[in-house]
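Starting from the given sequences, assemble the full structure and let the hints guide the process.
Spelled out, the chains give:
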Amino acid sequence: MKRKRISEALEHLDPAYIDEAAGFTAVRLYQKPLFRLVSVAACLIVCATAVLLSTVFDKQTPPVDTPPVTTTVTGNLTSADTTTTVVTTTATTTTTTATSITTEPSATVTTSTKKGIVVKGTKTTRTMTTTVTSAVTSAVTSTVTSTVENTTITSTTARKGDDLPIPPRGTTTDKDGGTTKSTSTRPTRPNGSFGETEFRPDVRLQLDKSVYTPDEAITVTIENTSEDTLYLYSLIFWATQTENGEWSNGWGATPLSFTTSVLEPGETCTATKRLSLSPDKTYALALCVGDTWIRSDTFRVMPSSTTTAAEAITTTTNAD
Amino acid sequence: MKDDQIVRLFFERSEQAIAELSRAYGALCKNVALHILGNAQDAEECVNDAYLGVWNSIPPHSPNPLRSYVCRIVRNLAIKKYHANTALKRNSVYDVALDELENCFPSSASVEDEFSAAEAARAINAFLGTLSRENRVLFVRRYWYADSIDELAALFHASNHTITVRLSRIRAKLNDYLVQEGVFL
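Those protein sequences? They're chains R and L, same order as listed.
To convert, take the position in the first sequence, counting from 1, and add 880; that gives this note's numbering.
To convert, take the position in the second sequence, counting from 1, and add 141; that gives this note's numbering.
Just so you know, these hints were derived from the structure itself, not from any lab.
Just so it is clear, the structure is predicted and the values come from calculations on it, not from any experiment.
Incorrect hints may have been included.
[Unchecked claim] Coverage of chain L stretches by chain R, computed from C-beta distances (three or more under 8 Å per stretch; other residues unrestricted): (1) 202–210; (2) 277–289.
[Stated by the list, open to error] Some chain R residues judged to face chain L by a derived CB distance under 10 Å, without partners named: (3) R883; (4) D899; (5) F904.
C-beta atoms are modelled at their ideal positions from N, C-alpha and C, and glycine is treated no differently.
Laid out in structure tokens, this is it:
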């Protein structure tokens, strides 16, 4: 019965509505293209507004979160020093002034170079606390903490008692940097005779031959087979061995300059000298290296009818 | 041919009037009948009976708009035939549409409170006046022309689900409106 009444009610529907429905042409229910167009336009308007607001906001507000300041500091800084760093941000230009500097030495590095030049360096880590004042609004400040790591190598004066290698006897040390200079100052002779002298076992004076003629030059080679730096003295000594194997008390000496005065471990240097030794005798050479002495193997000088003394030979007699 | 020209042919008792009417609204009338009856042969007979009805009623009537006038005749004839066939089976689109509407019409507690079909029609017409054009067309196409969900989806370029959901919301609004107005069937 209810269905019939509904059906009858629908029969009395307004003809205008019936005609409207009959003439209705196909259409999208949600008008999607227009809806999308309106949506895109609304999004663009919102984005543009956001960009404009952010631009205005940036111009009016100083940068609170300022990027960390990286400063390269050279030289020795103390807590009393100040450093000015210019920090550029996208918003404005600010001036950063280091108001306090904390210096914390973290390690001490000692190194040495060849030729006897010794330098000492200090590796220092500094923590620099800076206060940033905005150039736009001075009332707003922010604190920036940056860590500056710097390695400074400075030369120091070599002084007695420092951890520098002890220079060889008979040499002088200049006042700046511990530079060793070879001198012609006569060294102290070895104590006692050749046989009583203590020689280094790890380094030897090497000769190019074992038998020489009286006028023949001798080439002496030193290879630093030790782990020490050798400071070569510029006088070479020799001693004579008798036929029964004993060494004479006297020492002969002559200046002999090697190609270098400082011999690092593994390095080699040579020197050639005509010593004008006495014929028909057996000799050995000795050289002062720092606090110690090194020697050569024995060598023989052949007999000769003539005796030459072209080179200046200083013959000394053992004081003992 | 325009409606007034067709009506003039009817007034002139021209046999061409039926041909022009069929050319203009034949498909629409056949659809209305088919949706209600669910049978092509019955629908064809119904439409032919409607043409005869129009021939007999014009003159003296001079309908404007002609389209809704013809469709109403077709629909009335189709519903008469539908009621005659109801005892046998209920499987047309119109049955489904009536089932949907039946639930949204509030029932009366007593016979005295029942509204007549004419009073209910006035309430429905008033309700349709509150709807948007799309929703109104959707309602009329579904419950007067008995269009199927597929046909409405094609008409509105929307999915079946969208059409179903929108019709459901319209029915809910109709139910609220009828309760508010105190219309019971």
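To see whether the hints hold, each was checked on the structure:
Residue count for the stretch 202–210 of chain L with a Cβ under 8 Å from a Cβ of chain R: 4. That meets the three needed, and the coverage hint holds. Check on the stretch 277–289 of chain L: 7 of its residues sit with their Cβ under 8 Å from a Cβ of chain R, so the three-residue criterion for coverage holds. Taking 10 Å as the C-beta contact cut-off toward chain L, the hint placing R:R883 at the interface holds, the least distance being around 5 Å. With its C-beta approaching chain L no nearer than about 4 Å, R:D899 sits inside the 10 Å limit, and its interface hint holds.
The closest approach between the C-beta of R:F904 and any C-beta of chain L is roughly 5 Å, which is under the 10 Å cut-off, so the hint is satisfied.
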